[in-house]
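Those protein sequence lines, which keep their order, are chains A and B.
In case it helps, my numbering puts the first sequence at residues 75 to 400.
In case it helps, my numbering puts the second sequence at residues 75 to 400.
Be a bit skeptical, because a hint or two may be false.
You can't tell identical chains apart in this list, so a pair holds if it fits in one copy or across any two.
Claimed, not checked - Within a straight-line C-alpha distance of at most 30 angstroms, the following computed DSSO-like cross-link-like pairs (lysine-lysine) qualify:
#, residue 1, residue 2
1, Lys268, Lys97
2, Lys100, Lys291
3, Lys97, Lys291
4, Lys171, Lys100
5, Lys97, Lys171
6, Lys291, Lys171
If you are wondering where the hints come from, they were derived from the structure by calculation, not from laboratory data.
Since we're looking at a predicted model, the values are computed, not measured.
2 protein chains.
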Amino acid sequence: MAVGTVSRVLGGYENVAPGIREKVRKTIEQVGFVPNAIAQSMRLGATRTIGLIVYDITVPALAAFVKSVQRECQDAGYVVLLANTGGDRSVEFGMLKTFAQRQTDGLIVTFGSEGDPDLSAALTETGIPIVLFERDTPAEFDRILADHEGGMYAATRHLLDIGHRRIALITGSPQIAAARSRLAGFRNAYSRAKLPFDEAIALSGGFSAAYGYEQAKLLLRDPNPPSAILAGGLSMLPGVLRAIDERGVRVPEQLSLIGIADAPLAEFLRPPIAAIRWDFVELGRLAAQLLLTRIDGSADAAARRLVLPTEFISRESCAPPQRRAR
Amino acid sequence: MAVGTVSRVLGGYENVAPGIREKVRKTIEQVGFVPNAIAQSMRLGATRTIGLIVYDITVPALAAFVKSVQRECQDAGYVVLLANTGGDRSVEFGMLKTFAQRQTDGLIVTFGSEGDPDLSAALTETGIPIVLFERDTPAEFDRILADHEGGMYAATRHLLDIGHRRIALITGSPQIAAARSRLAGFRNAYSRAKLPFDEAIALSGGFSAAYGYEQAKLLLRDPNPPSAILAGGLSMLPGVLRAIDERGVRVPEQLSLIGIADAPLAEFLRPPIAAIRWDFVELGRLAAQLLLTRIDGSADAAARRLVLPTEFISRESCAPPQRRAR
DNA sequence: TTGTACGCGTTATCAA
DNA sequence: TTGATAACGCGTACAA
Numbered sequence: 075m076a077v078g079t080v081s082r083v084l085g086g087y088e089n090v091a092p093g094i095r096e097k098v099r100k101t102i103e104q105v106g107f108v109p110n111a112i113a114q115s116m117r118l119g120a121t122r123t124i125g126l127i128v129y130d131i132t133v134p135a136l137a138a139f140v141k142s143v144q145r146e147c148q149d150a151g152y153v154v155l156l157a158n159t160g161g162d163r164s165v166e167f168g169m170l171k172t173f174a175q176r177q178t179d180g181l182i183v184t185f186g187s188e189g190d191p192d193l194s195a196a197l198t199e200t201g202i203p204i205v206l207f208e209r210d211t212p213a214e215f216d217r218i219l220a221d222h223e224g225g226m227y228a229a230t231r232h233l234l235d236i237g238h239r240r241i242a243l244i245t246g247s248p249q250i251a252a253a254r255s256r257l258a259g260f261r262n263a264y265s266r267a268k269l270p271f272d273e274a275i276a277l278s279g280g281f282s283a284a285y286g287y288e289q290a291k292l293l294l295r296d297p298n299p300p301s302a303i304l305a306g307g308l309s310m311l312p313g314v315l316r317a318i319d320e321r322g323v324r325v326p327e328q329l330s331l332i333g334i335a336d337a338p339l340a341e342f343l344r345p346p347i348a349a350i351r352w353d354f355v356e357l358g359r360l361a362a363q364l365l366l367t368r369i370d371g372s373a374d375a376a377a378r379r380l381v382l383p384t385e386f387i388s389r390e391s392c393a394p395p396q397r398r399a400r
Numbered sequence: 075m076a077v078g079t080v081s082r083v084l085g086g087y088e089n090v091a092p093g094i095r096e097k098v099r100k101t102i103e104q105v106g107f108v109p110n111a112i113a114q115s116m117r118l119g120a121t122r123t124i125g126l127i128v129y130d131i132t133v134p135a136l137a138a139f140v141k142s143v144q145r146e147c148q149d150a151g152y153v154v155l156l157a158n159t160g161g162d163r164s165v166e167f168g169m170l171k172t173f174a175q176r177q178t179d180g181l182i183v184t185f186g187s188e189g190d191p192d193l194s195a196a197l198t199e200t201g202i203p204i205v206l207f208e209r210d211t212p213a214e215f216d217r218i219l220a221d222h223e224g225g226m227y228a229a230t231r232h233l234l235d236i237g238h239r240r241i242a243l244i245t246g247s248p249q250i251a252a253a254r255s256r257l258a259g260f261r262n263a264y265s266r267a268k269l270p271f272d273e274a275i276a277l278s279g280g281f282s283a284a285y286g287y288e289q290a291k292l293l294l295r296d297p298n299p300p301s302a303i304l305a306g307g308l309s310m311l312p313g314v315l316r317a318i319d320e321r322g323v324r325v326p327e328q329l330s331l332i333g334i335a336d337a338p339l340a341e342f343l344r345p346p347i348a349a350i351r352w353d354f355v356e357l358g359r360l361a362a363q364l365l366l367t368r369i370d371g372s373a374d375a376a377a378r379r380l381v382l383p384t385e386f387i388s389r390e391s392c393a394p395p396q397r398r399a400r
């Protein structure tokens, strides 16, 4: 009963005499033998591990994404290493290196800055298959995104249709594809409606609740405040709501409001908050599949780019603007 | 320039001639050498990996917990493997085995059923240091919990104080410590107030939004409906809210409502929903520390049991009951 | 101070 | 069909 035989039994190979096989099985049971996956990884040159690097797992939409990725990987016999960067560049580099050292078979990554050539270089240098999530760099990585332009176009269009003209968009830095797309959709809606567009009221700078709070506060204090706000970040809604609350502004009578990515409780708010939403579970599923096919070599060499549709959910937080705003 | 020398340079040992050290450094840089953590794990018998098994990372409170654990582990040079069980027993066993095979140095675990001796045995058999999260089995594992009894006592007491007598508690199965504690706090509040307790209105069966929805629906249809509901599960609030919404019941005029674990948007609901809450970040931090001290052997042999305080946040969703309820 | 060689637990190859 | 052995990449004990 040599080690090789045991390995063959566990590997399910046929060339083991039934008697021996049984004996091995029994002994394994008796001593509670558990194969050491680390040694397997070493021998096979694959860890069946994938690294998942996100901004903040606490954002409901990202949690759904992570859960979906994990589920998909689990089904394929992979295990996922999770990292939260908080958007900190040095943490991003650190986790990238850590995961590379740990020989993850693949990486799903969202980084804070898209243009950064150092980051692109670092990603390439790992030599690990990579799927970019919500990032659209020029580099040749597989990537998956939501159609923010389409969703924002639909939302803006709706606001224009019901009579709004002075609409504020608060969203992240144009370094990020998602913010650029939203800006494009926002502008398109104006231009297709043949309406003049006030550049000054499209605020790009951050995705956080804090940023949303600050910007909404400034907007509402303005002598000529917007009649509608598009809260263009996954976690921005609470911040914007706080500003609205503090200012005592009534929605939708004095201000129409649309959130990005449906929050679990958004429909129970009074009034229910309209939203642009998309399927994070599907996004996670596809991201994982993109990566897994890349890992097993069944994918074309060319980088793939998947864009998932977004949808505008109309709710009572939107109404035609009042004559004399506030 | 032998392998041993390279290893010594990377390990930061002193006994390397400065000239050689520099030369090694430069070569490492040039060829982009990255130490293989898998081989290190094999040699050292430690992976610096911890496994985290939770019910559902999509629940905001659990996401906060996971994030906190991950952060703490990262700071200590550990990496975390994440698993979502969805409460499925076979998945729980599966992930436990997977993580054991992968030689994780420690495990933080929430399992669906507490009494299950098979599960306890499986945990013990791994031989891996374990911290139980929100589970209070008789077995001798380190564990960390929130003081649900205290929070529930305070909340129930508040409702009794403002005049409620018929209060419904919807919470999980008494197999789970959290549910038992809540039930205890609920009962204590009645008995200390010397009020009769209606057992039939404490509903134990699940933590999900769906369960909350079903039970709330039944309660509100009752000819003698409760004047207050305690939604006793992390993710139950949306379900209960839906039932309330559908029935057209006004909060707090017709029904007082308290949620468990503050939802991010709970304060923006109309009315803001009172809550029992506690610090999930701290919970995660302490869980990780409990585990890390266990791993590095600096902990006493005896199992430790940490209980974190909970706090009742009074908000406008609670008001004295009306004379003639509905 | 530096180099050599062993062993960690597997799988795969080769010989028996 | 089975057993022995090399190799994966590292850290370290020991020899030089």
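Evaluated hints:
{"no.": "1", "hint": "Lys268 <-> Lys97", "result": "neither (81 angstroms within a copy, 66 angstroms between copies)"}
{"no.": "2", "hint": "Lys100 <-> Lys291", "result": "neither (70 angstroms within a copy, 53 angstroms between copies)"}
{"no.": "3", "hint": "Lys97 <-> Lys291", "result": "neither (74 angstroms within a copy, 57 angstroms between copies)"}
{"no.": "4", "hint": "Lys171 <-> Lys100", "result": "between (42 angstroms within a copy, 18 angstroms between copies)"}
{"no.": "5", "hint": "Lys97 <-> Lys171", "result": "between (44 angstroms within a copy, 22 angstroms between copies)"}
{"no.": "6", "hint": "Lys291 <-> Lys171", "result": "neither (40 angstroms within a copy, 52 angstroms between copies)"}
Hints 1, 2, 3, 6 from the list above are not met by this structure, while the remaining hints are.
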